[in-house]
Amino acid sequence: RIASAQYYYLYKVIACLPFMMVGFYLRESGERLLSLRWQWLALLALIYIVLTMLNGTTEMWAHKFGQHYLIFFINATVASMLFYNICKRFKANGAIVKFSIGTLLILGIHDPMLQVCAKIYDMAGLTGFPDLNVLSSLIVMFICYWLIRLALRYCPALLGK
Numbered sequence: 001r002i003a004s005a006q007y008y009y010l011y012k013v014i015a016c017l018p019f020m021m022v023g024f025y026l027r028e029s030g031e032r033l034l035s036l037r038w039q040w041l042a043l044l045a046l047i048y049i050v051l052t053m054l055n056g057t058t059e060m061w062a063h064k065f066g067q068h069y070l071i072f073f074i075n076a077t078v079a080s081m082l083f084y085n086i087c088k089r090f091k092a093n094g095a096i097v098k099f100s101i102g103t104l105l106i107l108g109i110h111d112p113m114l115q116v117c118a119k120i121y122d123m124a125g126l127t128g129f130p131d132l133n134v135l136s137s138l139i140v141m142f143i144c145y146w147l148i149r150l151a152l153r154y155c156p157a158l159l160g161k
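Numbering (our numbering), first residue to last: 1 to 161.
Calculated from the structure, these hints are not laboratory results. Built from N, CA and C at the ideal position, the CB exists for glycine as well. Please note: incorrect hints may appear among the correct ones.
To be verified - Each pair of labels, with its calculated beta carbon distance range:
#, residue 1, residue 2, range
1, Leu-132, Lys-91, 20 to 26 Å
2, Ile-74, Ile-143, 32 to 38 Å
3, Phe-129, Ser-35, 42 to 48 Å
4, Gln-67, Ala-42, 31 to 37 Å
5, Gly-128, Thr-57, 30 to 36 Å
6, Arg-153, Thr-127, 24 to 30 Å
7, Leu-135, Ala-42, 32 to 38 Å
8, Tyr-25, Ile-86, 29 to 35 Å
9, Ile-86, Gly-56, 21 to 27 Å
10, Lys-91, Asp-111, 27 to 33 Å
Construct the entire structure; sequences and hints are all you get.
Set out below in structure tokens:
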């Protein structure tokens, strides 16, 4: 029996294609856009805030892009340039570099780990506490950090290396 195409989420790839194209452009010729002065960063921050307020709630996994996909895309591009420029000004932190290297591993296992956390909270009768999402995220990141370190040492192919 062949599984339905809806389970492969191929339709979500189409929504992500513009981001991939911008990434290719920035990698090839966008160094100018990735080395902005503080004045431009302030303007980008203002644009980001305004577009976020205009576009409304977004959630890519639910295929909700706010009021308009074009605003979503422009805002995501502005945010990427803004946060890249801000982060570039700080010295690299070892833990953050590890998380960056292990992005594929985190993407692959975070959802099952969050489901395990939810089951544990449910069994313990703790489902009514709103801070459990933060706690779950911290637990997942703690476990992933050590898994990334192990993968770097013993099986870098798991990390796309």
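Range agreement (Cβ of Gly-56 with Cβ of Ile-86, hint 21 to 27 Å):
24 Å, holds
- Look at the Cβ atoms of Gly-128 and Thr-57 and judge whether their distance stays inside 30 to 36 Å. For Thr-57 against Gly-128, whose Cβ atoms are near 24 Å apart, the range 30 to 36 Å is violated.
I want to verify a distance hint. Is the separation of the beta carbons of Tyr-25 and Ile-86 within 29 to 35 Å?
20 Å, violated
*Outcome for the supplied range 32 to 38 Å, where the beta carbon pair is Ile-74 and Ile-143*: For Ile-74 and Ile-143 the Cβ distance comes to about 36 Å; the hint holds.
Review point. Regarding Leu-135 and Ala-42, is the given constraint of 32 to 38 Å on their beta-carbon distance met?
Key: 35 Å, holds
Range hint 31 to 37 Å: satisfied by the CB atoms of Gln-67 and Ala-42?
For Ala-42 against Gln-67, whose Cβ atoms are near 25 Å apart, the range 31 to 37 Å is violated.
Mind checking the hinted window 42 to 48 Å against the Cβ distance between Phe-129 and Ser-35? 44 Å, holds
- Message: Please check whether Leu-132 and Lys-91 have a Cβ separation lying inside 20 to 26 Å.
- Response: 33 Å, violated
* Outcome of range test on Cβ distance (Arg-153, Thr-127; 24 to 30 Å) -> This hint is violated: roughly 37 Å between Cβ atoms.
Starting from the hint 27 to 33 Å, judge whether the C-beta atoms of Lys-91 and Asp-111 obey it. 32 Å, holds
This entry does not satisfy hints 1, 4, 5, 6, 8, going by the numbered hints stated previously.
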